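J.: All chains, full assembly: derive it from the sequences and hints.
Chains A and B supply the protein sequences, listed in that same order.
Per the working numbering: the first sequence ends with 128, consecutive numbering throughout.
Per the working numbering: the second sequence ends with 128, consecutive numbering throughout.
Watch out, some of these pointers could steer you wrong.
If chains are identical, the list can't say which one is meant, so a pair holds when it fits in one copy or spans any two.
[Unchecked claim] Derived lysine-lysine pairs resembling BS3-like cross-links, with alpha carbons at most 27 Å apart:
1. LYS108 with LYS97
2. LYS4 with LYS23
3. LYS4 with LYS55
4. LYS6 with LYS108
5. LYS4 with LYS97
6. LYS97 with LYS6
7. LYS4 with LYS108
8. LYS23 with LYS55
9. LYS97 with LYS30
10. LYS18 with LYS97
11. LYS4 with LYS18
12. LYS18 with LYS55
13. LYS108 with LYS18
No wet-lab data here; the hints were simulated from the structure.
Here the structure is a predicted model, which means the values were calculated and not measured.
Below, each chain spelled out in residue letters.
Number of protein chains: 2
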Amino acid sequence: MNPKFKEIGGLFVGEYYKAFDAKNNRMNLKPFYHEAALLTFEGQEFQGPESILQKLMSIQSDNIERLISSADYQPTIDGGIFCTISGQLRTVSEHDKPMPFVHTFLLKPVGENFFVFNEVFRLALHDC
Amino acid sequence: MNPKFKEIGGLFVGEYYKAFDAKNNRMNLKPFYHEAALLTFEGQEFQGPESILQKLMSIQSDNIERLISSADYQPTIDGGIFCTISGQLRTVSEHDKPMPFVHTFLLKPVGENFFVFNEVFRLALHDC
Chain A
1 MNPKFKEIGG LFVGEYYKAF DAKNNRMNLK PFYHEAALLT FEGQEFQGPE
51 SILQKLMSIQ SDNIERLISS ADYQPTIDGG IFCTISGQLR TVSEHDKPMP
101 FVHTFLLKPV GENFFVFNEV FRLALHDC
Chain B
1 MNPKFKEIGG LFVGEYYKAF DAKNNRMNLK PFYHEAALLT FEGQEFQGPE
51 SILQKLMSIQ SDNIERLISS ADYQPTIDGG IFCTISGQLR TVSEHDKPMP
101 FVHTFLLKPV GENFFVFNEV FRLALHDC
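T.: Next up, the structure:
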């Protein structure tokens, strides 16, 4: 197991969101994904970097702020890193309710680098 | 990748919560865990079935109801299954606020069976 799992996981998540938030530059996320990567976004399934990037580029995030409540990292037995992020998305409007989200990743090493092999995003909206 | 990932993931999660909810019988969860299993529970880290079971047995869940909002399953490239569950815990008291939670698992096959290698549980409590 990789002893630097917290450092690598934290670095990955920071870089990932930085690239996600860069306006008109979300294509910079492409190198994060392995050819075999899977994304499940609100129940919709995408396979491979092209398909995943197409989805990511379509997500509107203007005037939305991301607040991370928890970030947990674990090493996997084969040298990968398991990441579970929870937080909230908030719009600039005070009238909109904050939207809790869950974002999970499974990263695996290929050579010297780590790539996203599995990713799930869910807005955790409940009837309450 | 295992083509039955949704079936196996769904079956696992159903059996896991059934065993968790069985009063005084939570020891039945032990066979779900691989010797190398890791649990991160609200930021506390546990390693191996004995340590994990000791933690699980200590969790009070009387009069708490679990409502699952989403359950997403993905196959991993090495034949494992990546599970992301979100939901709420509610007490019988109408005065208590529901508590959103995130529960993630990485299952891997060993012989004919799947075992938990990685697990993270978080109450997704936000300041709002």
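J.: So, against the hints stated earlier in the document, which numbers end up violated here?
T.: Those not satisfied are hints 1, 2, 5, 6, 9.
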